[in-house]
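Colleague: Residue-level listing of the chains:
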Amino acid sequence: MNAIIFSAVLGVLLMFSGIFFSKKSTITVIAVVSLLILFIVNIAENYGLFAITVDTKNLLSFSRFGLFFNSILIAATLIFVLLSGKEIENTSVNTAEYYALIMFVLCGISILTAFNGLLMLFLGIEIMSIPLYILTGADKRNLKSNEAALKYFLMGSFSTGIMLMGIALVYGATGSFDLVSVMNKPGSAGVEIPSFLKSAGYILLFAAMCFKVSAAPFHFWTPDVYDGAPSVFTSFMATIVKAAGFFAFIHLFESNAALLGPSWKILVSFVTVATLLAGNITAVFQQSIKRMLAYSSIAQAGFMLLALFSNNDLAREGIILYAVAYCMATIGFFAVLIKVKDYTFEGFNGLAKKEPLLAFSATIFLLSLAGIPLTAGFFAKYYMLASVIKSGGALWLVITAVLFAAVSVYYYFKVIQAMYFKEGNPEVNAGSAMYRTLLVLLAAAIVLVGALPSIVLNWFYF
Amino acid sequence: MLVLLLLLIPLITGLGLFALKNEQQVKTISLLSATATAIIALLLVINKTTIVYDASWMPSIGARFALRADGMAKILCLLTAIAYPLIFAAVHARQYKNSYAFYGLMLLTQVGLTGVFLAADALLFYFFWELALIPVYFLCSIWGGEKRIAVTFKFFIYTFVGSILMLTGLLYVYFHTADQSFAWESFKSVSLAGKEQASVFALLFIAFAIKMPIFPFHTWQPDAYEQSPTAVTMVLSAIMVKMGIYAVLRWLIPVVPMASTQHAHLVIILSVIGMVYASLIAIKQDDLKRLIAYSSIAHIGLMSAAMFTNNAAATSGVMIQMFNHGINVLGLWIIAEVIEQQLGTRKLSELGGLAQKAPAMAILLVVLSLANIALPLTNAFVGEFLMFNGLFQYNVWVMVIAGTSIILAAVYTLNMVQKIIYGELSAITANATDITGNVRLVLVLIVLMIVVFGILPQHLIELVK
Numbered sequence: 001m002n003a004i005i006f007s008a009v010l011g012v013l014l015m016f017s018g019i020f021f022s023k024k025s026t027i028t029v030i031a032v033v034s035l036l037i038l039f040i041v042n043i044a045e046n047y048g049l050f051a052i053t054v055d056t057k058n059l060l061s062f063s064r065f066g067l068f069f070n071s072i073l074i075a076a077t078l079i080f081v082l083l084s085g086k087e088i089e090n091t092s093v094n095t096a097e098y099y100a101l102i103m104f105v106l107c108g109i110s111i112l113t114a115f116n117g118l119l120m121l122f123l124g125i126e127i128m129s130i131p132l133y134i135l136t137g138a139d140k141r142n143l144k145s146n147e148a149a150l151k152y153f154l155m156g157s158f159s160t161g162i163m164l165m166g167i168a169l170v171y172g173a174t175g176s177f178d179l180v181s182v183m184n185k186p187g188s189a190g191v192e193i194p195s196f197l198k199s200a201g202y203i204l205l206f207a208a209m210c211f212k213v214s215a216a217p218f219h220f221w222t223p224d225v226y227d228g229a230p231s232v233f234t235s236f237m238a239t240i241v242k243a244a245g246f247f248a249f250i251h252l253f254e255s256n257a258a259l260l261g262p263s264w265k266i267l268v269s270f271v272t273v274a275t276l277l278a279g280n281i282t283a284v285f286q287q288s289i290k291r292m293l294a295y296s297s298i299a300q301a302g303f304m305l306l307a308l309f310s311n312n313d314l315a316r317e318g319i320i321l322y323a324v325a326y327c328m329a330t331i332g333f334f335a336v337l338i339k340v341k342d343y344t345f346e347g348f349n350g351l352a353k354k355e356p357l358l359a360f361s362a363t364i365f366l367l368s369l370a371g372i373p374l375t376a377g378f379f380a381k382y383y384m385l386a387s388v389i390k391s392g393g394a395l396w397l398v399i400t401a402v403l404f405a406a407v408s409v410y411y412y413f414k415v416i417q418a419m420y421f422k423e424g425n426p427e428v429n430a431g432s433a434m435y436r437t438l439l440v441l442l443a444a445a446i447v448l449v450g451a452l453p454s455i456v457l458n459w460f461y462f
Numbered sequence: 001m002l003v004l005l006l007l008l009i010p011l012i013t014g015l016g017l018f019a020l021k022n023e024q025q026v027k028t029i030s031l032l033s034a035t036a037t038a039i040i041a042l043l044l045v046i047n048k049t050t051i052v053y054d055a056s057w058m059p060s061i062g063a064r065f066a067l068r069a070d071g072m073a074k075i076l077c078l079l080t081a082i083a084y085p086l087i088f089a090a091v092h093a094r095q096y097k098n099s100y101a102f103y104g105l106m107l108l109t110q111v112g113l114t115g116v117f118l119a120a121d122a123l124l125f126y127f128f129w130e131l132a133l134i135p136v137y138f139l140c141s142i143w144g145g146e147k148r149i150a151v152t153f154k155f156f157i158y159t160f161v162g163s164i165l166m167l168t169g170l171l172y173v174y175f176h177t178a179d180q181s182f183a184w185e186s187f188k189s190v191s192l193a194g195k196e197q198a199s200v201f202a203l204l205f206i207a208f209a210i211k212m213p214i215f216p217f218h219t220w221q222p223d224a225y226e227q228s229p230t231a232v233t234m235v236l237s238a239i240m241v242k243m244g245i246y247a248v249l250r251w252l253i254p255v256v257p258m259a260s261t262q263h264a265h266l267v268i269i270l271s272v273i274g275m276v277y278a279s280l281i282a283i284k285q286d287d288l289k290r291l292i293a294y295s296s297i298a299h300i301g302l303m304s305a306a307m308f309t310n311n312a313a314a315t316s317g318v319m320i321q322m323f324n325h326g327i328n329v330l331g332l333w334i335i336a337e338v339i340e341q342q343l344g345t346r347k348l349s350e351l352g353g354l355a356q357k358a359p360a361m362a363i364l365l366v367v368l369s370l371a372n373i374a375l376p377l378t379n380a381f382v383g384e385f386l387m388f389n390g391l392f393q394y395n396v397w398v399m400v401i402a403g404t405s406i407i408l409a410a411v412y413t414l415n416m417v418q419k420i421i422y423g424e425l426s427a428i429t430a431n432a433t434d435i436t437g438n439v440r441l442v443l444v445l446i447v448l449m450i451v452v453f454g455i456l457p458q459h460l461i462e463l464v465k
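Residue numbers (our numbering), protein chains in the order written: chain A, 1 to 462; chain B, 1 to 465.
Each hint should be verified, as a subset may be incorrect.
To be verified - Subject to a maximum C-alpha distance of 27 angstroms in a straight line, what follows is the list of computed DSSO-like cross-link-like pairs (lysine-lysine):
#1 265/A with 414/A
#2 347/B with 97/B
#3 97/B with 414/A
#4 188/B with 390/A
#5 48/B with 422/A
#6 353/A with 21/B
#7 140/A with 341/A
#8 154/B with 414/A
#9 422/A with 147/B
#10 97/B with 353/A
#11 354/A with 97/B
#12 353/A with 341/A
#13 390/A with 21/B
#14 422/A with 21/B
#15 347/B with 354/A
#16 195/B with 265/A
#17 290/A with 97/B
#18 154/B with 422/A
#19 354/A with 188/B
#20 154/B with 353/A
#21 347/B with 414/A
#22 86/A with 354/A
#23 353/A with 147/B
To be verified - Computed far set for chain A versus chain B, every beta-carbon distance over 12 angstroms:
#24 16
#25 25
#26 32
#27 61
#28 63
#29 93
#30 254
#31 263
#32 267
#33 285
#34 342
#35 344
#36 367
#37 372
Calculated from the structure, these hints are not laboratory results.
Even glycine gets a Cβ: it sits at the ideal position worked out from N, Cα and C.
Using the sequences and the hints, build the whole thing.
Modeller: Next comes the structure, spelled out in structure tokens:
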């Protein structure tokens, strides 16, 4: 509850800070402080410290898992702002608004990590999505940015409509928005055949959630939107927002996997394989690194979908690690990408000679995304694979996933090749000392989590 | 503690080298580090007992930092530890740009290789397996030949596909162990049904077969050997390919014995095809590096066929041969490096008459070549004898076909010797000089080992028992 209240209030405060402070860097400092406050109050809730106690009528329930996930996402946002604050300031004139919108997105995320009913799910998704439409179009004078925003808005609204339809059908079938009573009728061992209305409702909900996490075949908006949006906000959307979407997706379906019976597994495995295929194969052919990252984020979503498939304790642990590893690496890599003028692979030629530190950190981020051991990304993938094997059978799905992981090595390593093995003189902004320090710390953290993943997981269990 | 030092010395010096810029210092320190490791490895071998190191790593998933130095691990650690100082000494005169990074990455590779041989925990094994690969990727892509980027990438993707399939297989076994643990003991005592064994066998075997490599997974190898800087080629062919063979003996046959016996026929046939095929291609090669590469495939084929015969003598033959082949091929690569450095060509057709100009090198090359054919009184003879003996007991016809590769080996090796050291001097070889200094010392040491282990093989045999 703390996070929801504070993010909303701090968002409003940040919006007004634009009136009182004309210097953009001051606003960034305020944003960093606000995020720190948000992080602390969210942690405090774990220890039973509440700002206000609200009776949510069981619409929201704050589990330890959800709060922990929320803390991770707030921390990731903090790192994101620290690394890329300069670029947010440079996007356009309305710096304060951007930070305010980011705060509102976090408000939506805080609801999504705590929802206990379909109504709250809908609210969370909308609060999270609407500021994103604006952020996508933040670069007002850029036609591509405008196009992306409009596209995102139209497609997003459409999927929201589908979600609402699904919720309505489920409500019609069960007469309740409540997650538990909707998903699991007490006493039934999951053998009852759900009514047509209910099944149809689930399918619509499933499709809408697939859209939000850009899973195939609902992923077509992703490359255009990620490519068109200002790079800083792409970084935010592709990581924090996507991870939150996944949390909601898994939370929504974790208790009802048995309800849809074997057809559920078939459905999820179809979507997983399709997402892996669409993301990886298309990423291979990209010329622009930014667009490649858009497709790679689809591919990574395919891997995260494995958690939905296996739906066990290992998958829950794994999705936390995956969110941490994926957010750290992608935010870090985008922070490097933004500093380089030319986003094509050629634009990275010879980066290692010119900016060894940037190139080295970028290499760690890419190795992590590819899932090479001794980086956090390895354990993220490890847990996903392990959870599927543990859930029994489905060895074919694991083999498909690892083969696609090998494909992903191809396009991630193309960047490493450009940086280290090719000659060139890239135009690059070296960044401030703080930026460079943070980048190295982030890379070091990735290696540390890669060597001892129990650091993150033990924190979860205490 | 001693086993830990084998990993720590190269790790610390390898990382430390990145802070140094002075080339001479870099070379001296890495040579010192490699020599220190070699001494530790020798101490380890002298100690006859199995040495175990075990520390907590990730208790929540049952993975431990467990090392185990038994006979088989020791002989390969010894090979790694001996090969490194020899390699460093042999390439001492050579200039590599950014030498600190080159030597640093070489030492990090050594950590990975030694770790693979020592690991007694499947996840740790996988970690070291990859750790050995990543530095090699950078080494070959930065310092390699003309087509280095594409060739190294092919090599990397190949082995990466193998290793993640292996990870899948290891995870599969892990969930079937009695105590949900990655420990080698738990893996060994796991009982899987026939069908499960077959899946695990397929997943692990592909990874190991790519690494060895055996036919038809070998296509990355000749290109990679040719394009890599020779110091790395030495590491690849003397040590790294042994990872695949070692892994079969350590992690495949004991874990899925039933499937290994069932599929032995297929593997042996593939290996024998590979032996004959690689030998035939080797005869046709004009490039010295490619010739050695194909000869290496043929030798590896024999080892992989022998270890699936389920014959104890043949298996110990494989272990001895892993060591001896490493030593021999190292010598051949050093000669290839000397020739290329001095004369600027590796083409056999452009060489000739070196016996007149470089008598010492010629003599050493002849001994190395005889060892490559596994003549009696050279170190390779004992191992090959034991392995062929195993194949004979397995199936006479397999032995007969595999045996042709001995003849073919004589053809291409002697042909190579003839073209390099005999015949008329060509325009290129007219100004050649003999080997001196470090290179000479290293080659003499290698030849000494060939002769000593050829006459007194029982020490090696005892070690692997």
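Colleague: According to the definition I'm using, a residue is off the interface if its beta carbon is farther than 12 angstroms from all beta carbons of the partner; does residue 285/A meet that for chain B?
Modeller: The claim holds: residue 285/A sits with its nearest Cβ about 16 angstroms from chain B, beyond 12 angstroms.
Colleague: Please verify that the nearest CB of chain B lies beyond 12 angstroms from residue 267/A's CB.
Modeller: With a cut-off of 12 angstroms, residue 267/A remains clear of chain B, as the shortest Cβ separation is near 23 angstroms.
Colleague: Taking the minimum C-beta separation from residue 16/A to chain B, is that value above 12 angstroms?
Modeller: The claim holds: residue 16/A sits with its nearest Cβ about 46 angstroms from chain B, beyond 12 angstroms.
Colleague: Given the hinted pair residue 354/A and residue 97/B, is their Cα-Cα distance within 27 angstroms?
Modeller: Measuring from Cα to Cα gives roughly 16 angstroms; hence the hint holds.
Colleague: Classify the label on residue 254/A as holds or violated, using whether its beta-carbon is more than 12 angstroms from each beta-carbon of chain B.
Modeller: Its Cβ never comes within 12 angstroms of chain B, the nearest being 21 angstroms, so this holds.
Colleague: Beyond 12 angstroms from chain B, beta-carbon-wise, is residue 342/A?
Modeller: Answer for residue 342/A: holds, closest chain B Cβ roughly 20 angstroms.
Colleague: Please check whether the beta-carbon of residue 263/A is more than 12 angstroms away from every beta-carbon in chain B.
Modeller: holds, 25 angstroms
Colleague: Compare the distance between the alpha carbons of residue 422/A and residue 21/B with 27 angstroms, and conclude whether the hinted pair is satisfied.
Modeller: Roughly 22 angstroms separates the two Cα atoms, so the pair holds.
Colleague: Keeping to a limit of 27 angstroms between CA atoms, is the pair of residue 290/A and residue 97/B held or broken?
Modeller: violated, 32 angstroms
Colleague: Tell me if the straight-line CA distance from residue 154/B to residue 422/A falls inside 27 angstroms.
Modeller: holds, 17 angstroms
Colleague: Compute the least Cβ-Cβ separation between residue 93/A and chain B, then decide whether it is above 12 angstroms.
Modeller: holds, 44 angstroms
Colleague: Please work out if residue 347/B and residue 354/A have their alpha carbons no farther apart than 27 angstroms.
Modeller: violated, 38 angstroms
In summary, the structure is inconsistent with hints 1, 5, 13, 15, 17, 19, 21, 36 and 37 from the numbered list given earlier, while agreeing with the others.
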